[in-house]
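A.B. asks: Given next are the chains, with one letter for each unit.
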Amino acid sequence: MSVDITTMKRVATLSRIHVDEAALPALAAEINAILGWIEQLAEVDTTGVLPMAGGGASALRWRADKVTDGAQGDAILANAPDREGAYFGVPKVIE
Amino acid sequence: MRPTDLTLAQARAALDRRALSARELTQAYLDAIAALNPRLNAYITVTGDAALAAADASDARLATGQGGPLEGIPLGIKDLFCTAGTRTTAGSRILGDFVPPYESTITGKLLRDGAVFLGKLNLDEFAMGSSNATSAFGPVENPWSRANDPDTRLVPGGSSGGSAAAVAARMALGATATDTGGSIRQPAAFCGVAGIKPTYGRCSRFGVVAFASSLDQAGPIARDVMDCAILLRSMSGFDPRDSTSVEIPVPDFAAAVGRGVRGMRIGIPREYRMDGMPAEIEALWQQGIAWLRDAGATIVDVSLPHTKYALPTYYIVAPAEASSNLARYDGVRFGARVAGGDLTELYERTRAAGFGAEVQRRIMIGTYVLSAGYYDAYYLKAQQVRALIKRDFDRAWEVCDALLTPATPSAAFGLDEKQNDPVAMYLNDVFTVTANLAGLPGMAVPAGLDAQGLPLGLQVVGKPFDEEGVFAVAGAVERAAGFAAMPGVRA
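Just so you know, the protein sequences line up as chains A and B, in that order. Residue 76 in our numbering is what sits at position 76 of the first sequence, and the numbering runs on without skipping anything. Residue 412 in our numbering is what sits at position 412 of the second sequence, and the numbering runs on without skipping anything.
FYI, nobody ran anything at the bench for these hints, they're computed from the structure. You can trust all of the hints, since none of them are fake.
Below, in silico cross-link-like pairs of lysine to aspartate or glutamate (DMTMM-like), each with a Cα-Cα straight-line distance of 20 Å or less:
1) B:K308 with A:E43
2) A:K92 with B:E345
3) A:K9 with B:E345
Generate coordinates for the entire structure from the input sequences, incorporating the hints supplied.
C.D. replies: Okay, here's the thing in structure tokens:
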């Protein structure tokens, strides 16, 4: 599998990273070099092998479904690049 | 003897005896930072005034006999750990002005035990790199240099390059670090210091900026094996705020350091003998095997047949998790923002300007391998191979108690070398990445010098939650090696 310019552009969009048109071919070449090296995994027989999803051996712990924290509005907004009162500011979304 | 010559264990004893004050010790390290950081660039942020105030508080507690296990010990903190009120950048422009309102669990535990924080240590951006060259705050220089080529500046390794360089140059008595594919062990080996990545789940990840959540694990870098054991005890322990934190007791790791290896079975994985590996690395490995045999261990040949697939597996799993974790940096809630005409353009411009090239590359690889049509071929396949890599270790533990391997495939390289070939850079982690994929503890110990006078390390890998076994083997290697060389640039 090889990433062409159209796919590269789509991946950049899905990643929400702006890439100049002129930079797409070089980027695709870099990604293809890495993917080409990764392709060697295809030679491993993984028939019937259960995928390993986490880093630990045990199942994830559950916690009680109850509120344990809150009233942290100012701390949460303290690093906002555009704070508008008690809200995060963003460009107008609805026309 | 100057205060910076003491190990952590020695300094803590000197503080208890009141032979040295915490203020004197902290001031000695701040002086070292002032003298050396302009060249080495190990610290992104130095918190000198806060450090001296904390040292004074430590002196007050020591005077009344109430000192904690790390009372008055000056540490550097990798700038991936959130520190309340102190800027935490992750080595990235996108977090260049981020001041966390909360403390990571690990730094909270270190403060609880009396540690003094000197500042925040440089790293590869979002811990993605093996040379500290991807930091938005400039590269870190290794305090060691080649005997026959002293002008070539060498990398400290990465991603915890600032942590390793600062400990080696005596700009910190110990440091926190993190390890996703080798980011504690490879820089420790490159800088001639010790570092341990504990078992996945041993240390809380709460408040540590996430890279790849199923692989990330924090640990210490310190001057020797004992100092690592002391620091790891303070850093470890169950945390309900990390759902992967494991609720088991924290042993006295320091007690294991001198235990010896008599009766232990040490596995030597044959697949770690790589083509093109320098003869000096192979010779050091053989020396390490002889040391352990002489100390009473039984040497066992073992096979980890999927070793060669570990790095390609890692470069699917880690970018996939990173692409998800780094989705939060969107220029809205925190971090840098670049304005855009609409919300999508704001996201895209913010992330293009805020992330460096390697981070962008990994986010896009991760996005690609998780995207519709490719998920099974890449991501699912990698998870299956990861299961096989773990199974290799499970089988090895049937015949041995710990593994001994080289820590890195080479000594430290030049700042200008390997930077243009991502795959060549990734190969730095060939001996370390398997422990992350399998969730195992691994430790790098300085064991010798190459022909250019650069440090080389050996790695000990242990069974899940058997850090004590790792410390026992690492302690035996350390005693046999008698590594006493020091870098040219140091306090």
